[in-house]
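*Asks:* Under this note's numbering, residues 1 to 435 are what the sequence shown spells out, in order.
Hints in this document: simulated from the structure, not taken from any laboratory.
Where hints are given, some of them may not hold.
[Unchecked claim] As a list, the in silico BS3-like pairs of lysine-lysine whose alpha-carbon atoms are at most 30 angstroms apart: (1) Lys50 / Lys155; (2) Lys155 / Lys239; (3) Lys50 / Lys239.
These figures come from a predicted structure and were not determined experimentally.
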Amino acid sequence: MSSHPFAPDPITGFSGRGESLPLARRVMRETAARGLPLALLWLDLDRFHKVNASFGHRGGDRIIAHVAALIRALAPATAHCLRMGSDEFVVLLPGTRLGAARALGLRLAQALEQPLALDGMTIHPTASIGVARLRRGERLHALFERGDRAMLEAKRQGGNRLVVSGSEARRGDHGVQLAREALAVESDLHLALETGGLSLDFQPVLGFDGRIEAVEGLMRCRVHDRQLAPDRFIPVAEKTGLIVRLGEWSLLQGTRFAARLCREGRPTKVAINVSRAQLTSPAFLPALHGALLCADVAPALIELELTESLAMEDSALVQHNLRRARETGVGLAIDDFGTGYSSLSCLKDLPATKLKLDRAFVQVLPDDRRAYAVVRALARLARELGMVTVAEGVETEEQLAALRDAEVDAIQGFIRARPMNEEALLAWLAQRKTP
Numbered sequence: 001m002s003s004h005p006f007a008p009d010p011i012t013g014f015s016g017r018g019e020s021l022p023l024a025r026r027v028m029r030e031t032a033a034r035g036l037p038l039a040l041l042w043l044d045l046d047r048f049h050k051v052n053a054s055f056g057h058r059g060g061d062r063i064i065a066h067v068a069a070l071i072r073a074l075a076p077a078t079a080h081c082l083r084m085g086s087d088e089f090v091v092l093l094p095g096t097r098l099g100a101a102r103a104l105g106l107r108l109a110q111a112l113e114q115p116l117a118l119d120g121m122t123i124h125p126t127a128s129i130g131v132a133r134l135r136r137g138e139r140l141h142a143l144f145e146r147g148d149r150a151m152l153e154a155k156r157q158g159g160n161r162l163v164v165s166g167s168e169a170r171r172g173d174h175g176v177q178l179a180r181e182a183l184a185v186e187s188d189l190h191l192a193l194e195t196g197g198l199s200l201d202f203q204p205v206l207g208f209d210g211r212i213e214a215v216e217g218l219m220r221c222r223v224h225d226r227q228l229a230p231d232r233f234i235p236v237a238e239k240t241g242l243i244v245r246l247g248e249w250s251l252l253q254g255t256r257f258a259a260r261l262c263r264e265g266r267p268t269k270v271a272i273n274v275s276r277a278q279l280t281s282p283a284f285l286p287a288l289h290g291a292l293l294c295a296d297v298a299p300a301l302i303e304l305e306l307t308e309s310l311a312m313e314d315s316a317l318v319q320h321n322l323r324r325a326r327e328t329g330v331g332l333a334i335d336d337f338g339t340g341y342s343s344l345s346c347l348k349d350l351p352a353t354k355l356k357l358d359r360a361f362v363q364v365l366p367d368d369r370r371a372y373a374v375v376r377a378l379a380r381l382a383r384e385l386g387m388v389t390v391a392e393g394v395e396t397e398e399q400l401a402a403l404r405d406a407e408v409d410a411i412q413g414f415i416r417a418r419p420m421n422e423e424a425l426l427a428w429l430a431q432r433k434t435p
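Whole structure, please, built from the sequences with the hints as guidance.
*Replies:* Quick look at the structure:
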């Protein structure tokens, strides 16, 4: 890495934002004088604010130093590095063509994905990376602007991506429109949180004998007399960090409804979905305990539902929070089980009480004998481990018969009950002969 006369950033040893333009101008002049190409990488760490929130600024500084060391190790000796903000870097690459710059960006992305130990936990940093080259006759600020725009496009696509300037520009108005739509949804979510636009519908989980195993809370969002589909607002909430607030709201509402069911003489488990952002937050357990205390409900009547990939995540904080949650007495359900990449041997170490089989198995029953064999084997394995099995997305009598034959414990789907609001569910329960 070449040296330069500007004062270095104390954590990375790179030039700071204040020195970026003088340094970049000097590099540009020297490169142009030699007739060489100039490219840059613009790198922004994904979800870095969560690292600071979880580990404090000292932990954040360790991540920054780690990233700087990777850049220093992988970048050519002629490169010049800038720290543009708390979690943003620019790497100027004189004499480097666009293809080589892209290859360097990919190597950096791959190196960043390697696990890093931080305060006894394992984390997997990722970054959004933009790549640009200096065009003939182009001014310096235009190069920086295109690199920044490419990085923002990588972040808009979900992070942990590399975008080359030009490919993002070809998206044209479509990319701008998508960004505006995401911003509008984020604004709607803030409004819904402030004005009571959120609600939970509840879909029953039923045993084959008609007994009610649980009811799952499904979030709904309504603003300006419009209903937002979950597949629109959940991804935006996850990318913006609002999912933590939505999750805490769900905990409060789900426990409150469980208490209401008890008062109505219908004690029933209420399943509440939790996200990765919640389970990797130090605030998760206090939020859970606070919700249980506020509702004054028995923990055994609450079930936390999480995806298979999250349940199997090799994160000390996730596994700690799952164990502690289970110790409070709440149940743990693993959702969408059977289509991820987890090892079945991991099941023996999980404190889960329920396996919810992915609807992909159910949809091909009874015709697909291999899917039937998997369902039957999972039901038996879960029973040996003391877990209840639930098949999701059941819609036909033929599917129902196959699942009963496979010895699945319970089902959830339109064939028995659709999601209902609180009042509709209470009326539905009142009409049933079987509790």
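*Asks:* Which numbered hints turn out to be false for this structure?
*Replies:* none
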